[in-house]
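Peer 1: Chains as they are written, first to last, in the numbering used here: chain A, 1 to 244; chain B, 1 to 269.
Be careful, since some hints might not be right.
[As the list claims (entries may be wrong)] Only pairs whose alpha carbons sit at most 30 Å apart, straight line, appear in this in silico DSBU-like list of lysine-lysine:
no.: 1; chain 1: B; residue 1: Lys76; chain 2: B; residue 2: Lys47
no.: 2; chain 1: A; residue 1: Lys121; chain 2: B; residue 2: Lys19
no.: 3; chain 1: B; residue 1: Lys192; chain 2: B; residue 2: Lys147
no.: 4; chain 1: A; residue 1: Lys121; chain 2: B; residue 2: Lys147
no.: 5; chain 1: A; residue 1: Lys177; chain 2: A; residue 2: Lys80
no.: 6; chain 1: B; residue 1: Lys77; chain 2: B; residue 2: Lys47
[As the list claims (entries may be wrong)] Cβ-to-Cβ under 8 Å is the rule here; a few derived chain B residues that face chain A:
no.: 7; residue: Arg163
no.: 8; residue: Phe166
no.: 9; residue: Phe184
no.: 10; residue: Met216
[Stated by the list, open to error] Derived coverage of chain A by chain B (criterion: at least 3 residues anywhere in the stretch with Cβ under 8 Å from a Cβ of chain B; other residues may be distant):
no.: 11; stretch: 79-91
no.: 12; stretch: 196-203
no.: 13; stretch: 218-228
no.: 14; stretch: 231-238
The hints are simulated quantities; they were obtained by calculation from the structure and are not laboratory data. Heads up, the beta-carbon is just placed ideally off N, CA and C, and yes, glycines get one too.
For reference, the chains in residue letters:
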Amino acid sequence: MSHHIVEFRDVKFRYPDGTSALNGISFRIIHGESVGLAGANGAGKTTLLMNLNGQLLPTGGVVSIGEVPLCGKTRQEIRKKVGLVFQRSDDQLFMPTVYEDVAFGPINLGLSQEMIDERVKDALETVGCLHLSQRPPHRLSEGQKTSVAIATVMAMNPDILVMDEPASNLDPKSRRKLINLLKGFRHTKIVASHDLDLILDVCERCIIIRDGRVVADGPTEEVLCNESILQENNLELPLSRQKR
Amino acid sequence: MTFDTEFFNIGYLDSLSYKDTFIHNLDPRIKLIVSFIFVICVVSFPKYELSGLVPFFAYPVFLLAAGDIPARIIAKKIIYISPFAVFIGIFNPLLDTGVLISPFGVPVSGGWLSFFSILMKFVLTVSTALLLIASTSFPGLCEALEKLKFPRVFVIQLLFLYRYLFVLLEEALRMVRARQARSFGQRGKDIKTFVRLISVLLVRTVERAERIYQAMLSRGFRGEIRLVKRYSLRVPDVLFASSAILLFFIFRKYTIVTMLGGILEKVLG
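Extracted from the complex, chain A is given alone in its bound form (with noise of 0.2 Å):
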């Protein structure tokens, strides 16, 4: 299944102003694997994450997905693969009602209406947010925002889901459910956050960057109990692994 390859070659992005936010970043992602993304505050997390679906498109380097390079010729066929979930779902959600915002991305790849009509109950059966769908988005509590915004994404059935901090909003019930969310997905996954325990629990494999550079990468276990990388990264042991 070379078709939802996610391949990151000595990409580079410098943004406008001059900062470089990336800085020769590879990595190779397979098909259904799990990846978390962490690192300090500015490390390039969220200009990676951006690199990935042609927000922003590399200053250097090659990104490809599944064997297809990104360029502004791609980026409309990559953004239909790659699902990208923001980080303030203030931003994603733009419809006036739960419904036509998911409906929004079926829409615009011209499906059927019934085709629609099923991809958005789907979309929202599957993250619990069938009663909502009436609802203006103003209306909803950020933990149903958050199911609401990764619903938009799925029901454009992408291959790959990518998002940025999906729990820095929510109190702990609802991020649980979110995790077991994550975990019943079986697409390739790539989130990026400093909730360490969301991606021990959701991700085997992490990786943390620094000054946009990979600074480790592998297994989460293994990564995420090295205390050296963590101290140097900002971050600290996740709270299931720390000893009272």
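Given chain A, work out where chain B should sit, using these hints.
Peer 2: Using the frame of chain A, we list chain B on its own:
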């Protein structure tokens, strides 16, 4: 009146529009058209008309009752904006002093008549507009506008306005609270900080717009937004529209109050 209470006020009018009553379930197109015809009928009366306007109060009262909308909130809003209408008509009694009628021997000038006529027309039209908004969800209203061939760009703009009005207000609310928490009632530099607050809000809005645009792009946006169809014309819609328009026509054509008076006189006499 603080920012907080105003914020929740807007939210209240919005939450009213999601009730489940006969009025709320009508096709928004019908409500829009009927309300429009209502407004046309009301403003088409000559400037000294008073008694002919009275029967028209039946429509807002019906909306109020059947839509289960608290009269207080509508009345409050009407009073807030009433100065506009009052100032339009306030000089009429001074300029137009010719006596037109003298009921019970009290001479009433044309100026006073037209002043009250303006006020009545104001209350009728504004309350109907408010009730239309309070009984129709905003997306429903936008759908109606789109079906009635309003320019799409305009409709989409309205939808985005509705979606982000609350987000933006919340953002402003947080900033105002943050300022209050550290200004300890000091007022001296208010304007300066206010200008900064506004400019920061603008910058944040621009940044948010960028993020929203990216979110749209990543879900395949190519410059067109298609809306989902929510309403279709049903029998109650047609019944409501035809009976309402028929009544408006009767109210406009015949002066019901005078006729009722005539009947009463006959019965009593």
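Peer 1: Are the hints correct? Go through all of them and say.
Peer 2: Evaluated hints:
For the hint pairing Lys76 of chain B with Lys47 of chain B, the CA-to-CA distance comes to about 26 Å; that is within 30 Å, so the pair holds. As the CA atoms of Lys121 of chain A and Lys19 of chain B are separated by approximately 23 Å, the hinted pair is consistent with the 30 Å bound. Simply put, Lys192 of chain B and Lys147 of chain B have alpha-carbon atoms about 46 Å apart, too far for the 30 Å limit, and the pair is violated. For the hint pairing Lys121 of chain A with Lys147 of chain B, the CA-to-CA distance comes to about 26 Å; that is within 30 Å, so the pair holds.
For the hint pairing Lys177 of chain A with Lys80 of chain A, the CA-to-CA distance comes to about 26 Å; that is within 30 Å, so the pair holds. For the given pair, Lys77 of chain B sits about 25 Å from Lys47 of chain B by alpha-carbon distance, which is consistent with the 30 Å threshold. Because the closest C-beta pair between Arg163 of chain B and chain A is about 6 Å apart, less than 8 Å, the hint holds. About 4 Å separates the beta-carbon of Phe166 of chain B from the nearest beta-carbon of chain A, less than 8 Å, and the hint is met.
For Phe184 of chain B, the interface hint is violated, since its Cβ never comes within 8 Å of a Cβ in chain A; the closest pair sits about 30 Å apart. Because the beta carbon of Met216 of chain B sits about 7 Å from the nearest beta carbon in chain A, less than 8 Å, this interface hint is met. Note: the stretch 79-91 of chain A has 9 residues with beta-carbon separation from chain B under 8 Å; the three-residue rule is met and the coverage holds. By the rule of at least three residues with a Cβ nearer than 8 Å to a Cβ of chain B, the coverage given for the stretch 196-203 of chain A is violated, with 0 such residues.
Evaluation of the coverage hint for the stretch 218-228 of chain A: breached, as 0 residues show C-beta separations to chain B shorter than 8 Å, against a requirement of three. Counting residues of the stretch 231-238 of chain A whose beta carbon lies closer than 8 Å to any beta carbon of chain B gives 0, which falls below the threshold of three, so the coverage claim is violated.
Going down the numbered hints, you'll see the structure goes against 3, 9, 12, 13 and 14, while the others check out.
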